[in-house]
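Asks: Quick note, the sequences are listed as chains V and U, same order. Count along the first sequence from 1, add 137, and you get the number used in the numbering used here. Count along the second sequence from 1, add 243, and you get the number used in the numbering used here.
Read the hints as simulated data drawn from the structure, not as lab findings. None of the values given here were measured: they were computed from a predicted structure. Be careful, since some hints might not be right.
With a cut-off of at most 30 Å between alpha-carbon atoms, the simulated DSSO-like pairs for lysine-lysine come out as follows [as the list claims (entries may be wrong)]:
1) U:561 x U:501
2) U:311 x U:417
3) U:501 x U:515
4) U:339 x U:245
5) U:245 x V:234
6) V:145 x U:245
7) U:417 x U:399
8) U:245 x U:399
9) V:234 x U:311
10) U:451 x V:234
11) U:475 x U:451
12) U:501 x U:417
Listed here are the chains, written in short residue letters.
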Amino acid sequence: MLFTYNSKFIAILAKSMLILLFVYAATNKLIEFDEFNTQLSKSPIIAAFADWLVYVIPITELMIGFLFLINWFTTLAFYASFSLLIMFTTYIVLIMKFSEFIPCSCGGVLDQLGWGQHLIFNLVFIIITGIGLYQVDSIKPLK
Amino acid sequence: MKITFFLRLVIISLLSSGFVIGLYLVSNHSIHQNNPFIRSYPHHPITRNFELNIQYNSYYIAGYVNDKLYLGNTTAPLHLIEVNLKTKDTTHITIKIDQTDLPFRSVRVKLSSPHFFVMDGYVPAIFRGTIGNWEARLWMKEKFHFSNAIPIDTNKVFISSNATRQTVLGYIEKNKNFNIHLDSHLLEPQIDSVFSVDGTMIISQDQKYLGYVYYYRNQYTIMDSQLDILTKNSTIDTLQTANIELSTFSNGGITTLKNRPTVVNLSAALFKNLILINTTRLGKNDEAKMLDQASIVDVYNWQNQTYEFSFYLYNKGKKHAREFAVYDNYLVALVDNELDVYNIETNRFR
């Protein structure tokens, strides 16, 4: 019982942090949409797809945040967060490796982070997601 | 249970990473092969070495020999500055020519080691002397009018001319006699045969390759020293047809430009298999305000017909670089009354 309680608590904590992160990031992108748009289209890595990624990214973030709020979809939301965070991290690694004309397009306070710090920040969140996922998965395994 | 869970995470990670890497590869491919006017600005392809105040904005690049850059001056035609790019020493040179009573109008000095040439296409006359000695003797006189000329060998000068009411490229060669070779098929007129084909003539440092870059459209041509075309190519710019309007005066039949056509390519330089083109045209991902501080140089590999990368060439105040060139490990640019010397990242410029 105690174990389950802890698992739930950890899962809820992880969930809350992810909701906060994604909703915050998405909101900032939408508020400063023009800036986000130029930053993304300058990105040497995905410039050719900037036209549609500029919508897809914040919408995906908001959707994940929304899925977390519905109990039924919590596990799915965790997996989606995990996947999205891995994508962002891959993007950062690519940027650090291949190019330095670096527009950060994360939104809000996160723009202040250097790319190295950003990488660490993402890794921490990936671990948080992993822990959360492990908890929910051990309560109610995905089929 | 545990193992499948971690396996699942690993698979999701691989798929997610793979997706982004895939996006990157496709985006990269479309930028280099089939560019929709999107620029990529890599890590410091050039770094500023030093700048030199040369007092006047009337200097042009005359040539480069063994770390020494030579600048000619349009208002003081027989004056040269020699700048040692290694030691930053400057020397002032005065050229002597053996015939000064000609109707000079637009004298240009250009180097082609071991010679230097003093050329005026209006007279027309070309003098030739030896670098270091700086005394030039008449080499060619009144054979053929030209508007621009660059020596490409001891006895050969690459020219452009509109003596035939049409701008054409060619060369003047002196063996026992003069041989003037013109090729009217090298340049492709669009609206008219003068303005629409206007452009910059460039040569590579080893004088093996000649280039012509149109001012008013997104095209350039690379030739060998026999003026055989090696490639004709488009830049990432989207303007394919010069937007030129002409007006003809009813009395004398003189044709002039009616509008100011859009300048696509301001200036250019050839370096080995690369062509560098200076422009102020904004790509999809450029911000207009950056033009207050710099102009853009786009680098193409003309052999592979690919776009490579871009970098900024910084202004002095509001003045854009008016001329630039790449020699050995240096990129030199003339901006207002200043000579800016950069070191190039040799791994990038291959």
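Asks: Against this structure, judge whether each hint is valid.
Replies: Okay, the hints, checked on the actual structure:
1. A C-alpha spacing of about 27 Å is found between residue 561 of chain U and residue 501 of chain U, which places the hinted pair at or below 30 Å, so the restraint holds.
2. As the CA atoms of residue 311 of chain U and residue 417 of chain U are separated by approximately 28 Å, the hinted pair is consistent with the 30 Å bound.
3. In summary, the hint linking residue 501 of chain U to residue 515 of chain U is not supported, as the alpha carbons are separated by about 38 Å, beyond the 30 Å threshold.
4. A distance of roughly 88 Å separates the Cα atoms of residue 339 of chain U and residue 245 of chain U; the hinted pair therefore is violated under the 30 Å criterion.
5. Proposed proximity of residue 245 of chain U and residue 234 of chain V is contradicted: the alpha carbons are some 33 Å apart, above 30 Å.
6. Distance check on the hinted pair: residue 145 of chain V and residue 245 of chain U sit about 18 Å apart at the alpha-carbon level, within 30 Å; holds.
7. About 7 Å separates the Cα atoms of residue 417 of chain U and residue 399 of chain U, which keeps this hinted pair within 30 Å; it holds.
8. Among the hinted pairs, residue 245 of chain U with residue 399 of chain U is inconsistent with the structure: their alpha-carbon atoms are about 78 Å apart, more than 30 Å.
9. A distance of roughly 36 Å separates the Cα atoms of residue 234 of chain V and residue 311 of chain U; the hinted pair therefore is violated under the 30 Å criterion.
10. Restraint check for residue 451 of chain U and residue 234 of chain V: not satisfied, since their Cα atoms lie roughly 36 Å apart, outside the 30 Å limit.
11. Only pairs whose Cα atoms come within 30 Å are accepted, and residue 475 of chain U paired with residue 451 of chain U is accepted, the gap being roughly 17 Å.
12. The hinted pair formed by residue 501 of chain U and residue 417 of chain U fails the criterion: a straight-line CA distance of about 40 Å is larger than 30 Å.
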